[in-house]
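Novice: Using this note's numbering, you'd call the opening residue of the sequence shown number 1140 and step up by one each time.
Incorrect hints may appear among the rest.
Unchecked claim - Pairs of lysine-lysine residues, derived as DSSO-like cross-links and limited to a Cα-Cα distance of at most 30 Å, are as follows:
| # | residue 1 | residue 2 |
| --- | --- | --- |
| 1 | Lys1662 | Lys1577 |
| 2 | Lys1651 | Lys1560 |
| 3 | Lys1375 | Lys1273 |
To be clear, the hints were calculated from the coordinates, so they are not data collected in a lab.
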Amino acid sequence: MTLAELQNWLKKHKIDAYYVTRNNMFISEDILPEENKILELTGFSGSAANLLVLQDKAFLFTDGRYEIQSRLETNPDEVEIHCVSGSSPYSWLVRTFETGRAVKIMYDPWCLPATEYSFISRQLPHIKLIEDSKRILGTRLTDKPVHVFEHKIEYAGITGEEKVSDILEWMEKNDLDGYLITAADSVSWLMNLRSDALPDSPVLRAYALVEKGGKITLFGDHLDYPDVLPLSELGKKLKKFKKNKLGTPRRNIPQVIYNFFRDCEHIKLVPDLPQDKKAIKNPVELQGIKQAHLRDAAAMAGFLHWLDNNWQGQTELDIVAKLDDFRKKQDLYYSNSFETIAGFGPNGAIVHYQPKPETNLELTAGSMLLLDSGAQYYDGTTDITRTIAIGSPTQQMIDDFTLVLKCHIELASAYFPRGTKGAALDTICRRQMWLQGKTYNHGTGHGVGCFLNVHEGPQNLSSSACAHSIEPGMVNSIEPGYYKENAYGIRIENLAYVCKADNPEFDNQSLKFEYLTLVPIDKRLINKYLLSDGEIEWLNTYHQTVFEKVRDLVDDEVKVWLKEACSPI
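Using the sequences and the hints, build the whole thing.
Specialist: Structure (C-alpha cells):
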C-alpha cells in the first residue's frame, strides 16, 4: 500500500489518522524489510520511528540518530519529520489534539505497545483509538519458513531446564498460575533456542506461556519446531486463565494481549525475569564472548591491514563485502550482528548510514571512513566501530577524533559505585565534549546479548536511560561520536564487560569496565598533545594488550602491521 492509498482509505471511511509503528507482534525486536510498514509508506529505513498518517499529511517521528537520514529518504511534500527523544509522538499528539472535536485514530493492536495505548487513552481521552481488526496495511510477519535450533550448553552455560526451574520457583513465590513472556529475546534465552528468522540476529520469534507445574507452550508462526501453536491461538489458550492468576511483563506487550485479558480477572504486571537474568552473563557465556572477540579481532586486523594497502579505488560497498569475507573465515561464525555501517566522508555524518548503490561513495584521500560492524558467533556477539584515516586527514579531523577518544577513555577507565545508572555513565562520557561545546545525538552505549540481540536491555547508557543499574557481568558498548554534517563522522566503539574494581583505593562496591574489543585505534587521527599523561597511558596499555593477545592469531604480514599499529605514542 502507498501513502496516498492509505490516505484515500482514511478519507473514504472517515477516519482521521492511522498510527503506524515500526513493529510486528514482537515489540522492539528487529524486523525484516518486508515487515516494515514505515519503509513501505515513506521510504525511511531507520530502526527507530513512528508514523502518524493523516488524510492529507504524514508525520514521521524519529530520534537524533536519524535527523539527516530521515530528510534524505523521505519526500518533504508528503512527510513532515520530527526528531524527538525516543521517537515518540506523545508531546506532538498532546499539542495537536489537546482540545476540539473527537478524533478517530486507527491502530494495529498487534503492533502498538500497550504502554502507548494506555498513555494516549489517559492523556487524550477525546481521541478514539480504533482497532484495525482487518489489518488493512497487510501482514506484519513474513510467511517464510523459519528454522529453529538449539543454543548448545557449551555456549549457553545453563540448561533451559535450569532456567525454567528458576522461573517456576519465582512464580510460586508470586502466587502465579501462569507467566506469559512476549519478548522474543527473553523466550530465546529461556529456552536456549535460536532461529534463522532474521539475517543478523538469531532470535526466536515466539511467545512462551509457562504454567504452574512446568508446562510450556510456544506460540509462533512458520516455525519448524514441534508443538508450537500459531500466534492466532493465543487468545483461546488464555481463556483458561479467566479465573486463574496470570502474570505478564510490563515491557514489550502489544495491546492485543490486553484485549485478550479483558475476560481475565486476575492479571498481574510483573518483571521480565528472563530479561534481567540474561543481562548478567554467566561464566561460560563470558568466556565464550571473550573468545569470540579474539577471533573478531583477528578478522578486523586482517581487514585493516588489507585496507591500508588497497583503499584506492574501493567503494563503501566494496568495504562491506571485504570485511564480510574476513569474518566468515573465523571459527564459529554465524552471521553479521547487524547490517554494516560503512560511511566515507560526508556519509559518515549520517549516524546509521548503510551504503546503497545510489549513495555508494569511492574512497579518496583526505577524509575518514566510519566503519561500524559486528558478528554473531555461536559463543558470542561483537559490535565495533573504528574511524579510519584515508590518505592525510585535516588537522580539524584529527582534533575532533582526539576529542572523541578522550570521551571514550574517560568512561572506559572510570570507576563507579555499584547501583550507578546508565544516565550517570553517559554524562561521564560526554563531559569532555561538553567542555568544547559539542555533543552527539545518540546514546553512549547499549547492552549486548550472547549470540542474541546486538542491542539488549534492560541497561543502556544514555541521558534517557531507564532506572536499571549497571551490574557486574553485563556487556555494554562504549561509543561516543562526533558528526559534522556534509563533512565527516567519527565514532569509537568498544564492547566491555562490567566487573568489580580490583583497586585497594576503592571499596568492594566499586565497579569498572574491562574491554572485550581488541582492535587498534587509528593513531594517524590522534593529536597526542591534546591527551593527558593518563590518557596516553590508557591508550598505550590498551594497544599493548591488543598486540599481545592478537599477534598469534594472524599471519606474519598482518603481525608486522599490527605491531606498528599498536606501538606506543
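Novice: Hints first: check each against the structure and report whether it holds.
Specialist: Here's how the hints hold up against the structure:
no.: 1; hint: Lys1662 - Lys1577; verdict: 22 Å, holds
no.: 2; hint: Lys1651 - Lys1560; verdict: 13 Å, holds
no.: 3; hint: Lys1375 - Lys1273; verdict: 19 Å, holds
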